[in-house]
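Peer 1: Sequence:
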Amino acid sequence: MSILELKQVTKRFGSKKVLDNLNLTVPTGSIFGFVGENGAGKTTTMKMILGLEEMTSGEILVNELPVVFGDNQTNLLTGYLPDVPEFYDYMSAQEYLRFCGEITGLSKKQLKEKVPEILSLVGLKLDKRKIKGYSRGMKQRLGIAQALLNDPKLLICDEPTSALDPSGRNDFLEMLANLRGRMTILFSTHILGDVERICDYVGILDQGRLAVSGSLDELKQQYAKNQIEIEFSHEADLKIFTSKLSELRNKGVLKDFSFDPSKNLLILSYTQAYEEVAPLVFRIFESCQIFPNTIKKIDPSLETIFLEVVQ
Numbered sequence: 001m002s003i004l005e006l007k008q009v010t011k012r013f014g015s016k017k018v019l020d021n022l023n024l025t026v027p028t029g030s031i032f033g034f035v036g037e038n039g040a041g042k043t044t045t046m047k048m049i050l051g052l053e054e055m056t057s058g059e060i061l062v063n064e065l066p067v068v069f070g071d072n073q074t075n076l077l078t079g080y081l082p083d084v085p086e087f088y089d090y091m092s093a094q095e096y097l098r099f100c101g102e103i104t105g106l107s108k109k110q111l112k113e114k115v116p117e118i119l120s121l122v123g124l125k126l127d128k129r130k131i132k133g134y135s136r137g138m139k140q141r142l143g144i145a146q147a148l149l150n151d152p153k154l155l156i157c158d159e160p161t162s163a164l165d166p167s168g169r170n171d172f173l174e175m176l177a178n179l180r181g182r183m184t185i186l187f188s189t190h191i192l193g194d195v196e197r198i199c200d201y202v203g204i205l206d207q208g209r210l211a212v213s214g215s216l217d218e219l220k221q222q223y224a225k226n227q228i229e230i231e232f233s234h235e236a237d238l239k240i241f242t243s244k245l246s247e248l249r250n251k252g253v254l255k256d257f258s259f260d261p262s263k264n265l266l267i268l269s270y271t272q273a274y275e276e277v278a279p280l281v282f283r284i285f286e287s288c289q290i291f292p293n294t295i296k297k298i299d300p301s302l303e304t305i306f307l308e309v310v311q
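If you read the sequence shown in UniProt numbering, its first letter stands for residue 1, the second for the next number, and so on.
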């Protein structure tokens, strides 16, 4: 079952088409990275999922319930963290969460139990300061705490790490990763390294269209270049190995190779399955008594995949 589905969603602002027949499925329980360049339409998509922006056409379902512009029924199932959350700075974190909880109908008994639990989850339980003294990273943590108050099935994060320093980003990503399994997380960002670190599914938005979508592992397999990187201890070993590459070429498994003598590094491009090529490579090592430092299959990064599908 999918917690979130977008079906042929189109959005126009006047004559400008921001989203063009967008189809997107977010599996339940996943951390789904929704990536694209600035201006690709990510924030507009988030607003429509929350019923804050009206679709021109199409359908959005949250937990199989249709999202209706101006109707907050599906928002009872969602938590939302904008890129720059706003707070009442004169309150403490506990005061602010109690205030938000009362507005949403939680009882004092529920809040007495939930507020300390959630603040502990996001690492703010022991902090007694007023919010005005919080760093940007701490405010993002409080924003997550607010989004979790009603135990959402779907947590939507819109560019949450874009303005954080490296330490704050690391802490925030660890916190999101720790929420895995408690809910589904839709993580919208243009920072590809963050997605690669914590997400198991990815959708790439390009000029209002979904360019590609799937599990991160599947996409890496799909866009793999069939390459092996070998690092040798000595330049002499590199020369011996390259002199034997005709054996692989004659077997029809070698497509091309390149090397960097200054680093004793060789990259092989092959035509068959890695499981078939690797034993042939190791056979050459054995026959020549060469012992490389490292040998590894080169998997494409999300950045490599992104650049390939959007250019």
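Honestly, I wouldn't trust all of these hints.
[To be verified] Once the Cα atoms are required to be at most 25 Å apart in a straight line, the calculated SDA-like pairs of lysine to any residue come out as: (1) Lys47 x Glu247; (2) Lys251 x Phe291; (3) Lys17 x Met1; (4) Lys297 x Glu218; (5) Lys108 x Lys125; (6) Lys7 x Gln73; (7) Lys220 x Tyr274; (8) Lys225 x Ala177; (9) Lys114 x Gly58; (10) Lys17 x Glu54; (11) Lys108 x Arg136; (12) Lys220 x Lys153; (13) Lys16 x Gln73; (14) Lys112 x Asp71; (15) Lys239 x Tyr223; (16) Lys114 x Tyr88; (17) Lys17 x Glu113; (18) Lys153 x Asn264; (19) Lys7 x Lys297; (20) Lys153 x Lys296; (21) Lys128 x Val84; (22) Lys112 x Tyr88; (23) Lys139 x Arg182; (24) Lys7 x Leu216; (25) Lys220 x Asn250; (26) Lys128 x Gln73; (27) Lys297 x Gln207; (28) Lys297 x Asn264; (29) Lys153 x Glu229; (30) Lys7 x Lys296; (31) Lys132 x Arg182; (32) Lys255 x Gln207; (33) Lys112 x Asp83; (34) Lys109 x Tyr88; (35) Lys132 x Pro82; (36) Lys220 x Lys239.
No wet-lab data here; the hints were simulated from the structure.
Peer 1: Which constraints among the numbered hints does this structure fail? Numbers only, ascending.
Peer 2: 1, 3, 8, 9, 11, 12, 13, 14, 15, 17, 18, 19, 20, 25, 26, 27, 29, 30, 31, 32, 33 and 36
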